[in-house]
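There are 6 protein chains.
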Amino acid sequence: MSASSERGLTHVDAAGAARMVDVSAKDVTARSATAVGAVVTTTEVIGLLQSGGLPKGDALAVARLAGIMGAKKTPDIIPLCHPIALHGVTVDLTPGVDRVEISVTTRTADRTGVEMEALTAVAAAGLALIDMIKAVDPAASLDGVRVTRKLGGKTGEWVRS
Amino acid sequence: MSASSERGLTHVDAAGAARMVDVSAKDVTARSATAVGAVVTTTEVIGLLQSGGLPKGDALAVARLAGIMGAKKTPDIIPLCHPIALHGVTVDLTPGVDRVEISVTTRTADRTGVEMEALTAVAAAGLALIDMIKAVDPAASLDGVRVTRKLGGKTGEWVRS
Amino acid sequence: MSASSERGLTHVDAAGAARMVDVSAKDVTARSATAVGAVVTTTEVIGLLQSGGLPKGDALAVARLAGIMGAKKTPDIIPLCHPIALHGVTVDLTPGVDRVEISVTTRTADRTGVEMEALTAVAAAGLALIDMIKAVDPAASLDGVRVTRKLGGKTGEWVRS
Amino acid sequence: MSASSERGLTHVDAAGAARMVDVSAKDVTARSATAVGAVVTTTEVIGLLQSGGLPKGDALAVARLAGIMGAKKTPDIIPLCHPIALHGVTVDLTPGVDRVEISVTTRTADRTGVEMEALTAVAAAGLALIDMIKAVDPAASLDGVRVTRKLGGKTGEWVRS
Amino acid sequence: MSASSERGLTHVDAAGAARMVDVSAKDVTARSATAVGAVVTTTEVIGLLQSGGLPKGDALAVARLAGIMGAKKTPDIIPLCHPIALHGVTVDLTPGVDRVEISVTTRTADRTGVEMEALTAVAAAGLALIDMIKAVDPAASLDGVRVTRKLGGKTGEWVRS
Amino acid sequence: MSASSERGLTHVDAAGAARMVDVSAKDVTARSATAVGAVVTTTEVIGLLQSGGLPKGDALAVARLAGIMGAKKTPDIIPLCHPIALHGVTVDLTPGVDRVEISVTTRTADRTGVEMEALTAVAAAGLALIDMIKAVDPAASLDGVRVTRKLGGKTGEWVRS
Chain A
4 MSASSERGLT HVDAAGAARM VDVSAKDVTA RSATAVGAVV TTTEVIGLLQ
54 SGGLPKGDAL AVARLAGIMG AKKTPDIIPL CHPIALHGVT VDLTPGVDRV
104 EISVTTRTAD RTGVEMEALT AVAAAGLALI DMIKAVDPAA SLDGVRVTRK
154 LGGKTGEWVR S
Chain B
4 MSASSERGLT HVDAAGAARM VDVSAKDVTA RSATAVGAVV TTTEVIGLLQ
54 SGGLPKGDAL AVARLAGIMG AKKTPDIIPL CHPIALHGVT VDLTPGVDRV
104 EISVTTRTAD RTGVEMEALT AVAAAGLALI DMIKAVDPAA SLDGVRVTRK
154 LGGKTGEWVR S
Chain C
4 MSASSERGLT HVDAAGAARM VDVSAKDVTA RSATAVGAVV TTTEVIGLLQ
54 SGGLPKGDAL AVARLAGIMG AKKTPDIIPL CHPIALHGVT VDLTPGVDRV
104 EISVTTRTAD RTGVEMEALT AVAAAGLALI DMIKAVDPAA SLDGVRVTRK
154 LGGKTGEWVR S
Chain D
4 MSASSERGLT HVDAAGAARM VDVSAKDVTA RSATAVGAVV TTTEVIGLLQ
54 SGGLPKGDAL AVARLAGIMG AKKTPDIIPL CHPIALHGVT VDLTPGVDRV
104 EISVTTRTAD RTGVEMEALT AVAAAGLALI DMIKAVDPAA SLDGVRVTRK
154 LGGKTGEWVR S
Chain E
4 MSASSERGLT HVDAAGAARM VDVSAKDVTA RSATAVGAVV TTTEVIGLLQ
54 SGGLPKGDAL AVARLAGIMG AKKTPDIIPL CHPIALHGVT VDLTPGVDRV
104 EISVTTRTAD RTGVEMEALT AVAAAGLALI DMIKAVDPAA SLDGVRVTRK
154 LGGKTGEWVR S
Chain F
4 MSASSERGLT HVDAAGAARM VDVSAKDVTA RSATAVGAVV TTTEVIGLLQ
54 SGGLPKGDAL AVARLAGIMG AKKTPDIIPL CHPIALHGVT VDLTPGVDRV
104 EISVTTRTAD RTGVEMEALT AVAAAGLALI DMIKAVDPAA SLDGVRVTRK
154 LGGKTGEWVR S
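Residue numbers (the numbering used here), protein chains in the order written: chain A, 4 to 164; chain B, 4 to 164; chain C, 4 to 164; chain D, 4 to 164; chain E, 4 to 164; chain F, 4 to 164.
Bear in mind the hints are in silico, worked out from the structure with no lab data behind them. There's no promise every hint is true.
In this list, chains with the same sequence are indistinguishable; a pair is considered to hold if it fits within one copy or across any two.
[To be verified] Straight line, CA to CA, 20 Å or less: simulated EDC-like cross-link-like pairs of lysine to aspartate or glutamate:
#, residue 1, residue 2
1, Lys59, Asp95
2, Lys59, Glu160
3, Lys59, Glu104
4, Lys157, Asp140
5, Lys29, Glu160
6, Lys59, Asp16
7, Lys59, Asp101
8, Lys59, Asp140
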């Protein structure tokens with residue numbers, strides 16, 4: 004058996020039909036995941052979002068909240084994702100010269116990992132930010148949405164190299 | 004009045020408080036938007052998703068559906084977005100050597116544009132794809148989520164340069 | 004052009020890809036639809052649901068509410084359905100000897116019909132009823148969920164023959 | 004016909020069955036509503052929420068966002084409410100000595116009023132605030148949630164006396 | 004005490020008021036349920052859904068996904084259902100001469116059974132299929148939605164006779 | 004360290020950023036909460052809701068259902084609330100001379116308390132009632148929404164004094 008058939012698409016069966024994979028036999032363990040991404044925009048927009056390094060008004064709070072609430076909506080947005088206990092979510096937004104870096108860490112003690120929750124939170128936070136700045140910068144983009152680290156479960160720790 | 008105050012963050016008021024902007028006085032016109040993005044992965048994954056250029060099983064269908072349903076969930080995911088009539092959504096997925104290009108077009112006849120719906124659909128389709136391939140490629144990323152064209156409303160046509 | 008290509012599956016394109024069909028060019032007209040179905044159960048259950056022809060407690064109200072709220076959730080449950088203005092919903096439940104007949108009428112003034120809303124309401128009402136009686140009759144079934152009449156739009160009136 | 008039968012419960016029919024009232028024949032007009040309420044807490048909590056009259060951190064932003072998103076969820080929370088176009092929402096939070104006053108204005112151009120959207124936004128903002136302060140003040144309460152003014156539709160202006 | 008009072012409607016209390024039954028004292032055990040149903044249509048529609056026994060395009064995938072996502076939405080659709088961990092869902096669609104048979108198996112390790120999740124998935128898959136074929140066959144119906152087998156919990160195995 | 008810094012706003016971090024607090028290390032214990040509130044209206048409305056002390060039609064059932072379903076929607080309505088297993092909900096509605104008293108008890112065996120679920124259920128039941136009576140009494144208000152008792156978790160029993 005080749006490596007690629009051993010490592011196939013677990014979410015479709017042998018006939019190609021989509022399914023929600025049965026995880027009832029997996030252990031309940033502490034698990035966490037960190038995902039990152041960035042909204043790439045203009046220096047003008049960064050100036051509108053903060054002043055002297057401090058946030059101005061609710062704009063970053065809106066993105067942070069969209070991230071936290073997006074993490075909770077993950078099983079509704081990602082068709083084959085399991086509904087899962089979500090025990091903690093933090094969303095960090097770091098404005099740079101012409102971009103806002105987004106980093107989300109999700110935690111649970113359940114039967115599957117929380118990478119999709121972290122990724123969905125990054126995307127929701129990024130899109131909420133784009134929504135607020137699109138009148139000023141219609142060309143803003145969301146880039147580099149990816150998992151950087153996950154912990155727990157059968158595979159233990161995985162760190163993006 | 005400076006250019007930057009004329010083009011401020013419309014979703015927060017003068018005191019910085021978030022709000023859903025009143026659009027009741029805007030015209031109902033035909034509007035559309037196209038957004039794109041890409042899931043960057045490995046050639047092995049592309050081989051699992053298709054065979055001889057044809058899709059294998061439901062994997063691409065899952066991503067397409069996630070995109071269409073994601074477009075409908077936009078006002079639930081993006082805090083300050085208006086709930087809007089959504090009259091059409093198409094999601095195109097084009098596998099390349101080591102990536103899947105995503106392009107979404109959304110259409111409406113309503114009082115606000117549908118860029119956020121197109122962007123949310125791209126993100127949902129991309130994340131659904133990452134969910135299906137993450138056991139094979141935990142390092143897959145979603146990149147370049149951005150609007151490429153919008154039509155209708157007061158500003159008429161805007162094309163990404 | 005053959006009859007079958009003229010009357011193909013409108014929700015998939017020529018390549019077989021699912022899409023939300025663009026209805027922005029369709030007229031806003033008054034539309035309504037009626038759908039029916041039945042929960043088939045036992046005379047014992049009918050006795051528990053009513054007494055002397057009158058409802059006992061909230062059981063039928065729960066099913067009626069599930070129907071009305073189910074109609075509103077249609078675009079969330081049916082992947083390719085348009086989110087639509089829903090202007091009226093009535094759910095009629097008629098207990099018989101060993102069954103409860105369900106009839107739902109939905110109304111709108113919008114660009115697409117409301118058959119799916121009526122069908123979804125019938126299914127939600129029927130399943131909510133089964134949920135309440137399943138401890139007494141685990142074999143209850145939901146049968147004959149179908150549209151009986153629709154009005155409005157390009158095709159005018161359609162009545163099940 | 005008596006006054007009380009003329010002014011009955013419109014959301015139930017003559018037999019007492021709940022229904023979503025048909026509004027398809029009502030006019031599309033500009034409508035707005037204002038609702039208010041207050042979270043009653045302690046001076047210690049007010050101190051934690053702000054400093055020198057300025058908000059500290061995201062706490063008030065969270066309540067404001069909960070209000071705006073709650074307004075959008077109204078048809079999901081209130082069983083017999085119509086899904087409606089919502090064109091604008093503002094949430095004002097005014098900390099006092101031992102309470103936070105909440106005032107929400109909602110706007111639409113549709114066939115029914117937006118009082119329920121304003122009331123739901125007040126409740127959601129108030130409950131979100133209670134959630135954040137409950138570790139410090141488990142006895143906080145939400146009081147006086149009521150409509151103070153509505154405009155538009157057949158009845159024109161109504162102001163709470 | 005008669006058999007029928009011993010086996011009353013558990014979802015309403017002695018006064019007839021609806022409630023969500025307290026299950027906190029029930030054991031967490033592995034549980035599964037299988038439910039079936041069928042969309043009854045025409046041979047022409049079956050021809051459009053497949054060709055030479057193979058699915059054509061995304062139509063069956065849409066119904067399968069609607070089923071899986073419908074299972075996750077069960078506590079939102081069925082008013083008195085508990086929100087539950089859902090650990091696995093498979094949806095099998097088998098086209099026949101003039102019908103598509105639907106079979107869904109749901110699995111969990113939790114305090115209540117997953118019959119309602121299986122039934123809701125069957126209904127959602129069936130209605131999604133009807134949505135896609137209704138332009139060709141407006142008379143299609145969903146029939147025989149019922150539980151055929153459940154496993155786990157206090158009652159152990161139950162098989163439809 | 005002062006009392007007020009020891010008992011700060013747990014839902015925001017030291018920099019004021021909102022977060023979903025990590026509860027994965029908290030014990031799974033049986034927990035319950037009771038919250039109350041009241042809809043204050045007119046004697047005429049109370050007469051429409053019941054006759055001779057008995058409910059007329061579905062109106063109180065609608066409010067009860069809105070409460071139960073509202074409890075399930077709590078993590079969707081309250082931004083920083085954890086999605087939680089909800090094991091039981093009862094909603095008691097007691098009509099008085101010119102008001103309807105609402106009392107909700109929620110139960111779980113999970114890592115966090117269920118006060119917010121009880122409060123949200125009271126608010127949803129109260130608002131659903133106001134929705135049904137607003138054509139007769141546009142001045143109805145929801146008052147005194149507050150927790151009266153909670154049990155379980157690290158703090159054990161808390162009773163409102």
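Against the structure, the hints:
1. Proximity of Lys59 and Asp95 under a CA criterion of 20 Å is satisfied in both settings, with 16 Å inside one chain copy and 17 Å between copies.
2. Within a single copy, Lys59 and Glu160 get their C-alpha atoms no closer than 38 Å, and across copies no closer than 31 Å, so neither meets the 20 Å cut-off.
3. Taking CA atoms no more than 20 Å apart as the test, Lys59 paired with Glu104 passes inside one copy only; the shortest distance there is 17 Å, against 23 Å between copies.
4. Taking the closest pair of Cα atoms, Lys157 and Asp140 come within 20 Å of each other only across two copies (16 Å); inside a single copy the shortest separation is 44 Å, beyond that limit.
5. For the homomeric pair Lys29 and Glu160, the shortest alpha-carbon distance inside one copy (17 Å) is at most 20 Å, but the shortest distance between copies (23 Å) is not.
6. Taking the shortest alpha-carbon separations for Lys59 and Asp16, only the inter-copy value of 11 Å comes in at or below 20 Å, while the best intra-copy value is 50 Å.
7. In this homomeric assembly, Lys59 and Asp101 come within 20 Å of each other (Cα to Cα) only inside a single copy, at 16 Å, whereas the closest approach across copies is 26 Å.
8. For a Cα distance limit of 20 Å, the shortest separation of Lys59 from Asp140 inside one copy, 18 Å, qualifies, whereas the shortest one across copies, 29 Å, does not.
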